[in-house]
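J.: If you read the sequences in order, they're chains Y and X.
Sequence positions in the first sequence follow the working numbering and run 1 to 323.
Sequence positions in the second sequence follow the working numbering and run 1 to 323.
Heads up, a few of these hints could be off.
Which copy is meant is left open, because identical chains are indistinguishable; a pair holds if it fits in one copy or across any two.
Said to hold, decoys possible - SDA-like cross-link-like pairs, simulated, lysine to any residue; straight-line CA separation at most 25 Å:
| id | residue 1 | residue 2 |
| --- | --- | --- |
| 1 | Lys-266 | Ala-230 |
| 2 | Lys-59 | Lys-126 |
| 3 | Lys-83 | Asp-99 |
| 4 | Lys-232 | Glu-25 |
Because the hints were derived from the structure by calculation, they are not lab data.
Number of protein chains: 2
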Amino acid sequence: MTLNEFSKALANEFASQTYGSHPVELYEPLRYLMSLGGKRLRPAMTLMATALFTDDWQKAIKPASAVEVFHNFTLMHDDIMDKAPLRRGKPTVHEKWNDNIAILSGDVMLVQAYELLAEIDDHLLKRALKRFNRTAAEVCEGQQLDMNFESREEVSEEEYIQMIKLKTSVLLGFALELGAIIGGADEEAIEALYEIGVNIGLGFQLMDDLLDVYGDPDKFGKQIGGDIIANKKTFMLIEARNKATGETKITLENWLQETRFNPVEKVAAVTAIYDSLHIRAIAQQRINAYFDKAFHLLDALQVEEVRKNELRAFASMLIDREV
Amino acid sequence: MTLNEFSKALANEFASQTYGSHPVELYEPLRYLMSLGGKRLRPAMTLMATALFTDDWQKAIKPASAVEVFHNFTLMHDDIMDKAPLRRGKPTVHEKWNDNIAILSGDVMLVQAYELLAEIDDHLLKRALKRFNRTAAEVCEGQQLDMNFESREEVSEEEYIQMIKLKTSVLLGFALELGAIIGGADEEAIEALYEIGVNIGLGFQLMDDLLDVYGDPDKFGKQIGGDIIANKKTFMLIEARNKATGETKITLENWLQETRFNPVEKVAAVTAIYDSLHIRAIAQQRINAYFDKAFHLLDALQVEEVRKNELRAFASMLIDREV
Chain Y
1 MTLNEFSKAL ANEFASQTYG SHPVELYEPL RYLMSLGGKR LRPAMTLMAT
51 ALFTDDWQKA IKPASAVEVF HNFTLMHDDI MDKAPLRRGK PTVHEKWNDN
101 IAILSGDVML VQAYELLAEI DDHLLKRALK RFNRTAAEVC EGQQLDMNFE
151 SREEVSEEEY IQMIKLKTSV LLGFALELGA IIGGADEEAI EALYEIGVNI
201 GLGFQLMDDL LDVYGDPDKF GKQIGGDIIA NKKTFMLIEA RNKATGETKI
251 TLENWLQETR FNPVEKVAAV TAIYDSLHIR AIAQQRINAY FDKAFHLLDA
301 LQVEEVRKNE LRAFASMLID REV
Chain X
1 MTLNEFSKAL ANEFASQTYG SHPVELYEPL RYLMSLGGKR LRPAMTLMAT
51 ALFTDDWQKA IKPASAVEVF HNFTLMHDDI MDKAPLRRGK PTVHEKWNDN
101 IAILSGDVML VQAYELLAEI DDHLLKRALK RFNRTAAEVC EGQQLDMNFE
151 SREEVSEEEY IQMIKLKTSV LLGFALELGA IIGGADEEAI EALYEIGVNI
201 GLGFQLMDDL LDVYGDPDKF GKQIGGDIIA NKKTFMLIEA RNKATGETKI
251 TLENWLQETR FNPVEKVAAV TAIYDSLHIR AIAQQRINAY FDKAFHLLDA
301 LQVEEVRKNE LRAFASMLID REV
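Please put together the full structure from these sequences, using the hints given.
T.: What follows is the structure, encoded as structure tokens:
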């Protein structure tokens, strides 16, 4: 089994899912959002985790797809809250239709995720369901914290890490945990897989923060410096505010206060401050630490080494990503 | 076991549910909405259904509360979509806080409903979960149809009945069905309980339509004639449009077209048309037919007659309600 095989199996699964038909206003947005694709990282992680413990990873396909449908549900509702015009380069659901349709279609999408999750062996269902519930609630908590932070003057690094852990990482943790549960792993291994996923998720999100500043404009999907322009309290900014002193601190805070500015100029100036404070290296170090943690946990896992190859390759790919 | 006992058990349950705490913006609206009370009809129905089949109805309390939490989730999101300012006489969540908080708090409330549902015996979980998913999707379908109907010129009676069945009745059906499942009923009885609930729900909703016109202003919770003022395509209006001919039809349609009117005058005029067409009697007949169906199914149910008393008394109370 290779990542390619997992991806193919998932593509087949998503192509065959029908979701419902009437009324069309309810189900069309769901199909639309799912059809925009995306990397399907999360369900692939579930399949990889199952394949660590059993050759019969195919039984994990439907529950794995629940994780992806849930993820897309959060995108649909988050995009309303963030008033985001685009998702994967296309109009968001609330833009293409309207807010009400995006609310209700998102609701039915969350229900659909539960329906896919229910396609798990009976004796595993309660455990998977309770863990899914906990994770889903945490993702909502993370989104609420993210919104709260927007209107706050200061956010500590600890608070920020906790927020991205809830908003992003616990779902990656659950994706691997779910795979381990389906694969019949023992308690210790299930917990280890969860931790691996959470650490990959933290590394992945901090990489996003780093690439917003230092990404290759030709490869990075979003506008470089978008977080800087918006004063988003990312790891980069929080770290810079902690490290800056004297004149540098004053200049940085002035840029944060400035309401009328040339975006290109602001991005260049703040990036120069980050450079002077070595924020890139600090972020990279932290990213490496999270991925190292994940690799160590994977190393220590009591399964045949050859079975770990896919997940290792996958994590390496995420580390080396430029987009 | 009496309705009073069931209500007490549910009141204790809801008083002890904590829902989560951090961030407070996420969980406070959930607690607020649940604290506004309401009649808790749905979870009481679940307990009554369980008690038809076993004395150990207490094991149904937590799953029963899932039905109530789900119902309140739909209220929170519907109120955003309907731009409703008040719920149970108090500000709606999106009014007291804002739309984003009502969206996200509603999401976590739906997750909470699943968490309560998970408190069911392992061997019953998959069945209950799949039926809950189906019901939840149908309730979303009903809400979407309701919104669609607002902007449509004509809605047939059949379409209207289908809409209220999805939006309201299937959840009452599920409430009883869930109780039967937990009580260990056989397939036939489980299906019968579902049908009883759906028919009670249809009767209940049509009674709402009737009371909007003919309710006692001192007892009815809402403004009398609210549906008439808003041109809501209720059973009363659809039936009147079907029955009206000649001058009466023209007068009715004129009132529907009129954008500037004295509300009291419009309510009086449309009510007079309903009177002349005997719409109240037609609606009452239909309501009775749904309740009769429910009673017949209950009569035919193979359980000790004495066990049926509570559910019978409950349905009778709903028939005779004036609010």
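J.: Hint by hint, work out which the structure violates, then give me just those numbers in ascending order.
T.: Checked against the structure, no hint fails, so every one of them is satisfied.
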